[in-house]
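Now for the letters of each chain:
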Amino acid sequence: MVDWHPLKRWLFTTNHKDIGILYLLTSLYFFVAAGLLALTFRTQLAIPSNTFLQPDEYNQAVTTHGLLMLLWVLTPLGAAFANYFVPIQIGARDMAFPRLNALSYWVYLASGLLALSSFLAGGGTADWGWTTYAPLNTVEFSPAVGGSMMGLALMLLMASSIVSTVNFLVTIFRLRAPGMSLMKLPLFTWAWIFTSLLMLWAFPSFVSALTLLISDRTFGTVFFTSTQGGPLLWDHMFWFFGHPEVYVLLLPGFGITGDLLSTFSRRPLYAKKIIIPCLAIASILSFTVWAHHMFMTGISQSLLEAFNVTTELISIPFAIIVIAYIFTLRGGSIRFATPMLFAVGSLGLFIIGGITGVFNSSVALDTAFRGTFWVVGHFHYTIVGGGLTGLFGGLYYWFPKITGRMYSERLGKIHFVVYIIGFNLLYFPMHLLYDMPRRIFTYDSSLNAGFYIGSLFVGYNFLITIGAFTFGISQLIMFANLLWSARRGPAANKDPWGGYSLEWGVPSPPPEFNFPEGVPVISATGVTYRPVAMADGGHADAGYGAGSHEEHWSHWPIVVAAGSGIALWGLLMSLPALLLGTGILAVAFIGWGRETLRGRFSEPIEAVGEKWPFARLENVSLGMWVFIFGEIAFFGTLFGAYVFLRMNSLLTGFVWPRPGEVHNIFFGGFNTIVLLTSGLTMVFALTFARRGSYRGLQGSLVATFALGAFFMVNKAFEWRELFAGGFTFSTNTASSIYYVLTGVHGAHVVAGLTALVYLMVKALKASSTTQAAGAVEIFGIYWGMVDAVWVFLFPLLYLL
Amino acid sequence: MIDEMKYAAVYGILMLGLIVELLIAVDGSILGAFAGAAILAIASLQAFFIFLVYMHGRYGPRPVAVFAAISLLTVVPLFIALLYSVVMPHHGSLP
Numbered sequence: 000m001v002d003w004h005p006l007k008r009w010l011f012t013t014n015h016k017d018i019g020i021l022y023l024l025t026s027l028y029f030f031v032a033a034g035l036l037a038l039t040f041r042t043q044l045a046i047p048s049n050t051f052l053q054p055d056e057y058n059q060a061v062t063t064h065g066l067l068m069l070l071w072v073l074t075p076l077g078a079a080f081a082n083y084f085v086p087i088q089i090g091a092r093d094m095a096f097p098r099l100n101a102l103s104y105w106v107y108l109a110s111g112l113l114a115l116s117s118f119l120a121g122g123g124t125a126d127w128g129w130t131t132y133a134p135l136n137t138v139e140f141s142p143a144v145g146g147s148m149m150g151l152a153l154m155l156l157m158a159s160s161i162v163s164t165v166n167f168l169v170t171i172f173r174l175r176a177p178g179m180s181l182m183k184l185p186l187f188t189w190a191w192i193f194t195s196l197l198m199l200w201a202f203p204s205f206v207s208a209l210t211l212l213i214s215d216r217t218f219g220t221v222f223f224t225s226t227q228g229g230p231l232l233w234d235h236m237f238w239f240f241g242h243p244e245v246y247v248l249l250l251p252g253f254g255i256t257g258d259l260l261s262t263f264s265r266r267p268l269y270a271k272k273i274i275i276p277c278l279a280i281a282s283i284l285s286f287t288v289w290a291h292h293m294f295m296t297g298i299s300q301s302l303l304e305a306f307n308v309t310t311e312l313i314s315i316p317f318a319i320i321v322i323a324y325i326f327t328l329r330g331g332s333i334r335f336a337t338p339m340l341f342a343v344g345s346l347g348l349f350i351i352g353g354i355t356g357v358f359n360s361s362v363a364l365d366t367a368f369r370g371t372f373w374v375v376g377h378f379h380y381t382i383v384g385g386g387l388t389g390l391f392g393g394l395y396y397w398f399p400k401i402t403g404r405m406y407s408e409r410l411g412k413i414h415f416v417v418y419i420i421g422f423n424l425l426y427f428p429m430h431l432l433y434d435m436p437r438r439i440f441t442y443d444s445s446l447n448a449g450f451y452i453g454s455l456f457v458g459y460n461f462l463i464t465i466g467a468f469t470f471g472i473s474q475l476i477m478f479a480n481l482l483w484s485a486r487r488g489p490a491a492n493k494d495p496w497g498g499y500s501l502e503w504g505v506p507s508p509p510p511e512f513n514f515p516e517g518v519p520v521i522s523a524t525g526v527t528y529r530p531v532a533m534a535d536g537g538h539a540d541a542g543y544g545a546g547s548h549e550e551h552w553s554h555w556p557i558v559v560a561a562g563s564g565i566a567l568w569g570l571l572m573s574l575p576a577l578l579l580g581t582g583i584l585a586v587a588f589i590g591w592g593r594e595t596l597r598g599r600f601s602e603p604i605e606a607v608g609e610k611w612p613f614a615r616l617e618n619v620s621l622g623m624w625v626f627i628f629g630e631i632a633f634f635g636t637l638f639g640a641y642v643f644l645r646m647n648s649l650l651t652g653f654v655w656p657r658p659g660e661v662h663n664i665f666f667g668g669f670n671t672i673v674l675l676t677s678g679l680t681m682v683f684a685l686t687f688a689r690r691g692s693y694r695g696l697q698g699s700l701v702a703t704f705a706l707g708a709f710f711m712v713n714k715a716f717e718w719r720e721l722f723a724g725g726f727t728f729s730t731n732t733a734s735s736i737y738y739v740l741t742g743v744h745g746a747h748v749v750a751g752l753t754a755l756v757y758l759m760v761k762a763l764k765a766s767s768t769t770q771a772a773g774a775v776e777i778f779g780i781y782w783g784m785v786d787a788v789w790v791f792l793f794p795l796l797y798l799l
Numbered sequence: 000m001i002d003e004m005k006y007a008a009v010y011g012i013l014m015l016g017l018i019v020e021l022l023i024a025v026d027g028s029i030l031g032a033f034a035g036a037a038i039l040a041i042a043s044l045q046a047f048f049i050f051l052v053y054m055h056g057r058y059g060p061r062p063v064a065v066f067a068a069i070s071l072l073t074v075v076p077l078f079i080a081l082l083y084s085v086v087m088p089h090h091g092s093l094p
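Heads up: the sequence lines are chains A and B, in that order. Quick note, the first sequence lines up with residues 0 to 799 if you use numbering that gives the first Met the number 0. Quick note, the second sequence lines up with residues 0 to 94 if you use numbering that gives the first Met the number 0.
Don't read these hints as lab results, they were simulated from the structure. By construction, the Cβ of each residue, glycine as well, lies at the ideal position given by its N, Cα and C atoms. Hints are supplied without guarantee of correctness; some may be wrong.
[What the hints assert, rightly or not] Across the chosen pairs, the derived CB separations fall in these ranges:
#, chain 1, residue 1, chain 2, residue 2, range
1, B, A36, A, P436, 41 to 47 Å
2, B, I79, A, L763, 48 to 54 Å
3, B, G35, A, R437, 41 to 47 Å
4, A, T651, B, S43, 27 to 33 Å
[What the hints assert, rightly or not] If you want the footprint, here are the derived chain B segments under chain A, 3+ residues with CB under 8 Å:
#, region
5, 19-33
6, 44-54
7, 73-83
The task is simple: from the sequences and hints, build the whole structure.
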């Protein structure tokens, strides 16, 4: 008889620690895949005029390496530690929304598999570089369907990240243990707060850009093939996401480095009260520096000057943090265990990356360096040096906590030495290739810069390739060490490092719900564990200490992810697969709803603790608000694209349709009345729910549904009429932006109508209307957002 | 009843705004060059009322309002840069 229990545990788990381990293993798997791709193209570049790879193979390898490393390795590796340790560090039993947490992971995995499967889609995968520059990303220059598949995989990944972001922010703001004020949070958790905020506001803008790109590639819109849009539109939309993304990659490792320096020098982190505002300032500034990636695109002189200044400004908070880190070491009793070696290494490498970054902020120098290997060297010192090296420090630091076993310190130190040698051999010579273009698959001997040892010529490119293999071998040492130690390593006690954060006060590995001794209560004198009733006045007594893992299993997250992956694959490859995926998704959503309505899934009960500044919100309402904040960035970026296209039409001679010329103003106005009226019936539903009027609640919900559906029917009718009149997706930029804006808004309305059906069923089954009021209120927030977006869309598309 | 009156009043404001928008659009000469700006200002007011009354429910609005304002501010630099990319003279050519 096969025991399926362990497999079912990993497939259906919603426990944050299990999901953290799944993230860790999956991101390391993608790390190996992306690393092998790097070795492939470094082999190609080792010597001049090499034919190891063909040009299109080289382009695909570089593109996939970049996208995988940035989006499927570094960000999720940080998420792995955040999943495992943030809830423990704040004193919580789990994440605020455990099922959504599982959903984030499975969708992440599905997106990664979709990305890798794009190699097999016929014609290969995306070959436009990780920046996906227009017009290389258009069908004309990249006709392979694998490129579109990579785009869909990226969208799926963004969806996973945004759901995860909502979950983390609600968890950190609402589930902190008694006494765990924000300032008492460890630096890693602080870094993760800023990482989450950056993801919340930056990732939706990438989704906007991808929406336009996939629309161009699939439906024939003309955003990036027209003179009104073109490369400059993509550059702005992409880099508005792309530069904050750099800090998404950097901050988790940077936060871990701070905690490691403090723990291993046995001193409190120096100037923590200054480091945290510096992280905040850097995060804010990260949204104001993106155009330094565009100094060579022909944007105006005033923009060049502005972004030159903001880019130089952002180095100041990081310089302060680096100085604070160094001062943490001063006078400390330093222990150079492997995590500390990686922390110090990370700091040193980041300083080099930071200094070379200041060069790039100068328009004059950037004009010389842009598009050369100098830039490749700079960003690898920053992201791999500052980000990945810190994360590897975290891997060694928390390995005993996760596995309950110690790793081999000797192998860890060997790993570090080989890692540092390989890293610097790999990336430092790139700075010396400051006149070699980076986006070429081969080069002739005239570009083969290098040096002589006696009569032996050593090309920098050859040296870099040697460094790449050395760096790759160093990771094998780490994998061997950790795999062996996870099974055979000596048992670890609960605090092998003398750590100060809450995870070091619980057994290694931590038990199911983290704190077996009760609720951690943080005070000036330290941490005590009290029975729940004493800690929170008895509010969360019932079930706090009880419950087993199986009660928190859910089948549906993995099914939703599988359905999404199959549907998106089918969208490009096969109609039956599209139908199958859509069917699976429908079943999964119904199953998810039934599981909730029947109370078959129970979330771990949290003690009442610190909730500032969102004490007056419930978890779900805060989650909805955070989601809407992300939507502001999503629609804001799309509106930005509209403004750009509209203004650019003046310069390019394209005459934008006058009001009433294409669209019927009064029909649009009528539909606006329909949607705004549905907003009114929705708030009436809430009033009736609170008053206990069952009939009023049902009537209002039905009216909202009917009005929303009527709005969509009108919209479909309008689209049909416009198409019949020759105003199609590809007519011009005005038609393209009209269909995309109304299309994504319509998708939000349809999602809302689906949720309304669930809400009506919930109201039917609720024993009292007040029981349903919470859900009605949360849905009302969403529906209000749908209305608010439309009040801008109507004038932009019909009246102006 | 106070809630219903509040919601109905906001609905009235939204409808009034819509009518004024339509009037301006049909006869733009009323406000001349400011017609577009006026329509967008009305749309902003409509969205503000929806946020304030339809969306905030029973919550103390301050933390949410601050968070929402930051979210809006986040995309402001993008708008400025996109506008300046177009309206300021180019000093070079696209690659």
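Cross-check of the supplied hints:
In this structure, A36 of chain B and P436 of chain A meet the distance hint of 41 to 47 Å, their C-beta atoms being roughly 46 Å apart. Separated by about 50 Å at the C-beta atoms, I79 of chain B and L763 of chain A satisfy the suggested range of 48 to 54 Å. Separation of G35 of chain B from R437 of chain A is about 44 Å and conforms to the stated range, judged on CB atoms against 41 to 47 Å. At about 28 Å, the beta-carbon gap between T651 of chain A and S43 of chain B stays in the expected band of 27 to 33 Å.
With 5 residues having a Cβ less than 8 Å from any Cβ of chain A, the region 19-33 of chain B passes the three-residue criterion, so the hint holds. With 7 residues having a Cβ less than 8 Å from any Cβ of chain A, the region 44-54 of chain B passes the three-residue criterion, so the hint holds. Counting residues of the region 73-83 of chain B whose beta carbon lies closer than 8 Å to any beta carbon of chain A gives 9, which meets the minimum of three for the stated coverage.
Of the numbered hints listed earlier, not one is contradicted by the structure.
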